[in-house]
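Novice: From first to last, the protein sequence lines stand for chains S and B.
First residue of the first sequence: 1, per my numbering; consecutive thereafter.
First residue of the second sequence: 1, per my numbering; consecutive thereafter.
Worth double-checking, as some hints may not be accurate.
[Stated by the list, open to error] In silico BS3-like pairs for lysine-lysine, Cα to Cα no more than 30 angstroms straight-line:
#1 S:Lys59 <-> S:Lys35
#2 S:Lys35 <-> B:Lys101
#3 B:Lys59 <-> B:Lys49
#4 S:Lys15 <-> S:Lys101
#5 B:Lys35 <-> B:Lys49
#6 S:Lys49 <-> S:Lys101
#7 B:Lys59 <-> B:Lys101
#8 B:Lys15 <-> B:Lys101
#9 S:Lys49 <-> B:Lys35
#10 B:Lys49 <-> S:Lys59
#11 S:Lys15 <-> S:Lys35
#12 B:Lys101 <-> B:Lys35
#13 S:Lys49 <-> S:Lys35
#14 S:Lys59 <-> S:Lys140
#15 S:Lys101 <-> B:Lys49
#16 B:Lys49 <-> S:Lys35
#17 S:Lys35 <-> B:Lys140
#18 B:Lys15 <-> B:Lys35
#19 B:Lys15 <-> S:Lys35
#20 B:Lys101 <-> B:Lys140
#21 S:Lys15 <-> S:Lys49
#22 S:Lys49 <-> S:Lys59
#23 S:Lys101 <-> S:Lys35
#24 B:Lys140 <-> S:Lys140
Derived by calculation from the structure, the hints in this document are not laboratory data.
Number of protein chains: 2
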Amino acid sequence: MPDKPAPDASRRSEKSRRAIYAAALALVAETGYPKTTIEAIAARAGVGKQTIYRWWPSKADVLMEAFLDLGEQAAARQEGARADRQPDGIPDTGDLAADLKTVLRATVDALFDPAFEAPARALAAEGLVNDQVGRQYVAKLLQPQLELYVHRLRSAQDTGAVRPDIDPRIALELFVSPLAQRWLQRTAPVSYEYTDTLVDYALHGLAPR
Amino acid sequence: MPDKPAPDASRRSEKSRRAIYAAALALVAETGYPKTTIEAIAARAGVGKQTIYRWWPSKADVLMEAFLDLGEQAAARQEGARADRQPDGIPDTGDLAADLKTVLRATVDALFDPAFEAPARALAAEGLVNDQVGRQYVAKLLQPQLELYVHRLRSAQDTGAVRPDIDPRIALELFVSPLAQRWLQRTAPVSYEYTDTLVDYALHGLAPR
Numbered sequence: 001m002p003d004k005p006a007p008d009a010s011r012r013s014e015k016s017r018r019a020i021y022a023a024a025l026a027l028v029a030e031t032g033y034p035k036t037t038i039e040a041i042a043a044r045a046g047v048g049k050q051t052i053y054r055w056w057p058s059k060a061d062v063l064m065e066a067f068l069d070l071g072e073q074a075a076a077r078q079e080g081a082r083a084d085r086q087p088d089g090i091p092d093t094g095d096l097a098a099d100l101k102t103v104l105r106a107t108v109d110a111l112f113d114p115a116f117e118a119p120a121r122a123l124a125a126e127g128l129v130n131d132q133v134g135r136q137y138v139a140k141l142l143q144p145q146l147e148l149y150v151h152r153l154r155s156a157q158d159t160g161a162v163r164p165d166i167d168p169r170i171a172l173e174l175f176v177s178p179l180a181q182r183w184l185q186r187t188a189p190v191s192y193e194y195t196d197t198l199v200d201y202a203l204h205g206l207a208p209r
Numbered sequence: 001m002p003d004k005p006a007p008d009a010s011r012r013s014e015k016s017r018r019a020i021y022a023a024a025l026a027l028v029a030e031t032g033y034p035k036t037t038i039e040a041i042a043a044r045a046g047v048g049k050q051t052i053y054r055w056w057p058s059k060a061d062v063l064m065e066a067f068l069d070l071g072e073q074a075a076a077r078q079e080g081a082r083a084d085r086q087p088d089g090i091p092d093t094g095d096l097a098a099d100l101k102t103v104l105r106a107t108v109d110a111l112f113d114p115a116f117e118a119p120a121r122a123l124a125a126e127g128l129v130n131d132q133v134g135r136q137y138v139a140k141l142l143q144p145q146l147e148l149y150v151h152r153l154r155s156a157q158d159t160g161a162v163r164p165d166i167d168p169r170i171a172l173e174l175f176v177s178p179l180a181q182r183w184l185q186r187t188a189p190v191s192y193e194y195t196d197t198l199v200d201y202a203l204h205g206l207a208p209r
């Protein structure tokens, strides 16, 4: 590609990029990661496979970017739908329990969104057995989300809502990981009532006060 | 097979069953679930594939039984090694925090046992994208473990160590799911100190008391 593509070329590129993302996500959802090949993505997107190789070094890279783009689109839709949503994803109204419940309810909506669930599940499954995909999945998809919780819990420590000796990176797992496991492994149903309960148990503990 | 095999036939069967389990576990660890076929298991175990079909209706059944057998062998080894271990897997010394920490430390040992980790990870990955395998994985492998925690938390409710309004099936996830997610998705390192911390946070909560 030239360094500065003409406007028409740029529009064509954007259209190809969208078609490639859509094809990659549809294929991984339908056939799983191992059977999703650059050739199949190119055929479904109606582009030559050299077009894909020119932009991405491997199928893992195409899929991860397609998936990140999907997440950004979903976040943009949610921000449109929820006027109260903070730009960084986790509100800080001063009421920690309420804020965490709001975010976990939105996470439930996102996880079970049909456009998101099947490709997310296929990529997560591959990440369990494929180190490269697993590392990218964690670094690019999970870690940035977890950082938002670390930030919100630190702010709660500043106001005294969370004990100062708590490690926020571990603490967030008390409500994030149960939801992740129910979604990933389908160990039990998920509801808003369930995620609300996780927040209450995590903040107040299981032992009597 | 005759209803009552002669002792020699029974010994031969037991030997074949062991060889089939070992072959199935090795193959799923090396090549993943989709490429593990009855034909490949039979070839590696040195038996005819009719021998496998005579005992198990599908490869999912062979693998799940091989895996359950592996878990039972590991549990038996641990029981041999730990004289203080309770038959039901979770001790009840009256000190809930100590008992949960003991069991989670043993779980860490089991999850990272080389004989267990690769096949467990391969089966868990398939369970995320294959409903039949996922349901069997949950029902046969996870659910019986989770029931032990429900039982122990109910006993803690009887003695007042856990609040009576807590739902034990949700409560156990505050310390079980974080470990499961770190192991499955390799989101962060696992240590005894980490699982001890999970128990303390879950019992006492993140908010000041």
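Novice: Are the hints correct? Go through all of them and say.
Specialist: Hints and how they fare:
no., hint, verdict
1, S:Lys59 <-> S:Lys35, "holds, 11 angstroms"
2, S:Lys35 <-> B:Lys101, "violated, 42 angstroms"
3, B:Lys59 <-> B:Lys49, "holds, 11 angstroms"
4, S:Lys15 <-> S:Lys101, "violated, 38 angstroms"
5, B:Lys35 <-> B:Lys49, "holds, 16 angstroms"
6, S:Lys49 <-> S:Lys101, "violated, 45 angstroms"
7, B:Lys59 <-> B:Lys101, "violated, 36 angstroms"
8, B:Lys15 <-> B:Lys101, "violated, 38 angstroms"
9, S:Lys49 <-> B:Lys35, "holds, 26 angstroms"
10, B:Lys49 <-> S:Lys59, "violated, 36 angstroms"
11, S:Lys15 <-> S:Lys35, "holds, 25 angstroms"
12, B:Lys101 <-> B:Lys35, "violated, 38 angstroms"
13, S:Lys49 <-> S:Lys35, "holds, 16 angstroms"
14, S:Lys59 <-> S:Lys140, "holds, 16 angstroms"
15, S:Lys101 <-> B:Lys49, "violated, 53 angstroms"
16, B:Lys49 <-> S:Lys35, "holds, 26 angstroms"
17, S:Lys35 <-> B:Lys140, "holds, 29 angstroms"
18, B:Lys15 <-> B:Lys35, "holds, 25 angstroms"
19, B:Lys15 <-> S:Lys35, "violated, 36 angstroms"
20, B:Lys101 <-> B:Lys140, "holds, 24 angstroms"
21, S:Lys15 <-> S:Lys49, "holds, 15 angstroms"
22, S:Lys49 <-> S:Lys59, "holds, 11 angstroms"
23, S:Lys101 <-> S:Lys35, "violated, 38 angstroms"
24, B:Lys140 <-> S:Lys140, "violated, 33 angstroms"
Checked against the numbered hints above, the structure breaks hints 2, 4, 6, 7, 8, 10, 12, 15, 19, 23, 24 and satisfies the rest.
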